[in-house]
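J.: Letter by letter, the chains look like this.
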Amino acid sequence: MNFRFKITSVLLATVRIDLHRPHPFAHERVGFISAGLSAVGSDVLILARSYRPVADKDYLRDASVGAMMGPEAIRKALQWAMQDGHALFHVHTHGGRGVPQFSGIDMRENAKFVPDFCKVAPQCVHGSIVLSDDAARGQVWLDRKRPHTFIAQFTEVGAPLRTWSAA
Amino acid sequence: MSRFERQSFLGRDSEARLDAATVGIIGLGGGGSHMVQQFAHIGIGGQVDVDPDHITDNNTNRLIGGTLRDVRDATLKITIAERLIRGLQPHARIVAVPDKWQNATEHLKHCDLILGAVDGFIEREQIERFARRHLIPYIDIGMDVHDLGEHGHLVAGQVILSMPGFPCLRCCGFITDERLKLEAARYGAAGGRPQVVWPNGVLASTAVGLGVQLITSWFSNPPAFTYLEYDGNRGTVSASAHVAALKGRVCPHHPSEETGDPFFDIREHMRRFESTPGRLTFWRRLFRLPPKH
Amino acid sequence: MSDSAAEFAKIKMLHSDAVLHQEGGKPVVLLGKFSFLSGGQSHTMDVLLIPSAHSGYDSRLFFERKTASAKAGWTSCRVLERDWWAVSWKDVKPPLPWTAMLCEHLRAVE
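Residue numbers (this note's numbering), protein chains in the order written: chain G, 1 to 167; chain Y, 168 to 460; chain L, 461 to 570.
Simulated from the structure, these hints should not be mistaken for laboratory data. Careful: at least some of the hints might be erroneous.
[To be verified] In the BS3-like style, the derived pairs of lysine-lysine whose C-alpha atoms are separated by at most 27 Å in a straight line are:
| hint | chain 1 | residue 1 | chain 2 | residue 2 |
| --- | --- | --- | --- | --- |
| 1 | G | 119 | G | 76 |
| 2 | L | 531 | Y | 348 |
| 3 | L | 526 | L | 486 |
| 4 | L | 493 | L | 526 |
| 5 | L | 553 | L | 486 |
| 6 | L | 470 | Y | 267 |
| 7 | Y | 267 | L | 526 |
| 8 | G | 145 | G | 112 |
| 9 | L | 470 | L | 486 |
| 10 | Y | 414 | L | 553 |
| 11 | G | 145 | G | 76 |
| 12 | G | 57 | G | 76 |
| 13 | L | 493 | L | 472 |
| 14 | Y | 348 | L | 486 |
| 15 | L | 472 | L | 550 |
| 16 | L | 526 | L | 550 |
| 17 | Y | 267 | L | 531 |
| 18 | G | 119 | G | 57 |
| 19 | L | 486 | Y | 414 |
| 20 | L | 472 | L | 486 |
| 21 | L | 553 | Y | 348 |
With the sequences and hints as input, model every part of the structure.
T.: Written as structure tokens, this is what we have:
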């Protein structure tokens with residue numbers, strides 16, 4: 001089962017612009033991308049819908065990491081997923097160019113909270129995406145129990161189209 | 168020396184990009200057959216070609232690649248299309264569906280771009296909605312011959328690029344409830360209108376050009392939305408006034424919240440596919456998808 | 461409560477398995493496993509009520525499957541990523557209440 005993530009150029013640009021805004025105390029910004037899903041044979045298309053940044057006041061002070069979401073940020077995102085039946089993807093950026101890598105801290109923290117989305121919206125997959133300035137990589141959780149898998153391919157839908165492999 | 172040497176201006180990586188791309192063409196008549204041929208010439212690596220019909224005698228005035236022998240043999244339009252493609256791209260990834268497009272959606276979902284050369288507004292609207300749900304750009308072409316009475320005839324047509332997030336066929340007034348009502352009142356009969364080869368060629372070529380702009384990097388600022396109007400009497404293709412009027416407008420007819428399949432459930436999907444590990448390997452090869460994890 | 465919400469609440473009282481979706485920004489009511497009579501026989505299937513302009517009509521009722529008894533021909537249409545059937549019958553115009561619209565459309569398969 002492979003996962004392919006598609007997002008419009010307009011939405012991706014919106015996300016990048018927001019994530020590059022300075023935060024009063026966090027080194028990085030984070031947000032959530034909502035998506036719809038569609039089966040293509042055994043594979044799954046993840047089709048981005050919209051973006052919500054984590055509000056400034058919902059960050060916790062933690063100098064050991066780039067950004068730490070507080071419980072209110074996660075609660076709001078869980079509610080969004082549950083209420084509207086979205087697949088949700090946490091997103092942040094490492095900047096630079098080329099397909100980025102999740103850091104060890106990213107992997108550790110994602111594994112703590114992303115599976116909880118599978119509890120409130122179990123009909124969807126959920127995950128996490130790390131951006132660079134021209135590419136992305138993503139993790140997907142199918143349910144709470146299984147380890148995550150990686151998004152195989154990204155497509156930026158716009159003029160022109162851009163596709164890259166990321167698994 | 169590559170057969171694409173003369174199109175190297177499309178970009179250093181254009182050959183690879185074109186080869187990796189898959190386009191879907193719905194309707195393989197006068198407009199669609201041109202597009203099939205041109206995409207094969209230019210080196211598009213994958214095509215999903217959809218049409219339920221076979222060629223008939225009155226198609227031969229415009230169906231590219233169709234012969235009188237095909238009429239005699241009642242050859243399917245998809246067979247003619249595949250023959251055209253294979254003559255230029257022997258290793259092309261072709262999915263040819265002799266059915267209506269609603270029965271080809273599993274293949275169309277793989278496409279980077281869908282082009283429609285169909286007859287009716289109701290069908291166009293549905294194709295566009297399918298494309299929008301799957302974040303696939305859609306290019307629509309069509310022609311008409313209008314009887315102007317004592318003033319003769321007007322040959323006209325359109326090429327419209329409908330890109331997710333940008334104005335759609337409704338935004339630009341091409342699809343309206345009034346047009347849908349008129350068509351429904353005729354029980355959906357939209358075919359049988361005058362059709363002739365050269366306007367189809369102009370419109371199809373224009374559509375292919377837009378497609379190549381989206382797939383390669385040769386054009387520095389390709390449009391994300393365009394509505395081109397063809398005046399066959401004057402021999403012009405020009406941007407509709409709608410293009411300027413709709414600049415910056417977000418489409419309200421295809422809200423971004425409506426991507427995907429509203430009934431998709433990953434639990435059901437896993438139940439169906441995790442018990443059949445070898446299934447669909449053929450399609451994975453066809454669309455050059457990475458191996459299953 | 462919006463008009464759509466109020467109308468949907470009445471449909472939900474009629475059929476508890478009703479779910480309100482949206483397509484093109486407009487309400488679409490899915491009545492799952494809805495039972496009705498057609499040609500004297502009872503049928504149970506998903507039906508879809510669209511109480512606004514769609515595919516050339518002022519409102520539409522789509523069926524999961526065709527029935528043998530219909531007052532006019534069937535046409536197919538793709539809505540909410542599924543294929544449905546509707547009778548190309550007379551138009552049922554808003555602003556009828558959705559429950560009345562549903563009943564009027566069902567007359568096409570009586």
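J.: Does residue 472(L) sit within 27 Å of residue 493(L), going by the straight-line distance between their CA atoms?
T.: Measuring from Cα to Cα gives roughly 13 Å; hence the hint holds.
J.: Is it true that the CA of residue 553(L) sits at most 27 Å from the CA of residue 348(Y)?
T.: 13 Å, holds
J.: What's the verdict on residue 472(L) and residue 486(L), does the C-alpha distance respect the 27 Å limit or exceed it?
T.: Status holds; Cα separation ~18 Å.
J.: Quick one, are residue 145(G) and residue 76(G) close enough, alpha carbons at most 27 Å?
T.: 23 Å, holds
J.: Taking 27 Å as the top limit, are the C-alpha atoms of residue 267(Y) and residue 531(L) close enough?
T.: 25 Å, holds
J.: Checking one constraint from the list: CA of residue 470(L) to CA of residue 267(Y), max 27 Å. Satisfied?
T.: Not OK: residue 470(L) and residue 267(Y) at ~37 Å, beyond 27 Å, violated.
J.: Has the given pair, residue 119(G) with residue 76(G), been kept, meaning a C-alpha gap of at most 27 Å?
T.: Answer holds: residue 119(G) to residue 76(G) is near 15 Å, not above 27 Å.
J.: Given the proposed pairing of residue 348(Y) with residue 486(L), does the C-alpha separation stay at or below 27 Å?
T.: Holds - the C-alpha atoms of residue 486(L) and residue 348(Y) are around 18 Å apart, at most 27 Å.
J.: Need the status of pair residue 486(L), residue 414(Y): alpha-carbon distance at most 27 Å?
T.: 24 Å, holds
J.: Would you mind confirming whether the straight-line C-alpha gap from residue 472(L) to residue 550(L) stays at or under 27 Å?
T.: Status holds; Cα separation ~25 Å.
J.: So if I understand the rule, the pair passes when the alpha-carbon distance is 27 Å or less; does residue 493(L) with residue 526(L) pass?
T.: OK: residue 493(L) and residue 526(L) at ~14 Å, within 27 Å.
J.: Holds or violated: residue 57(G) and residue 76(G), Cα atoms, limit 27 Å.
T.: 13 Å, holds
The structure fails hints 6 and 10 (numbered hints given earlier, in ascending order).
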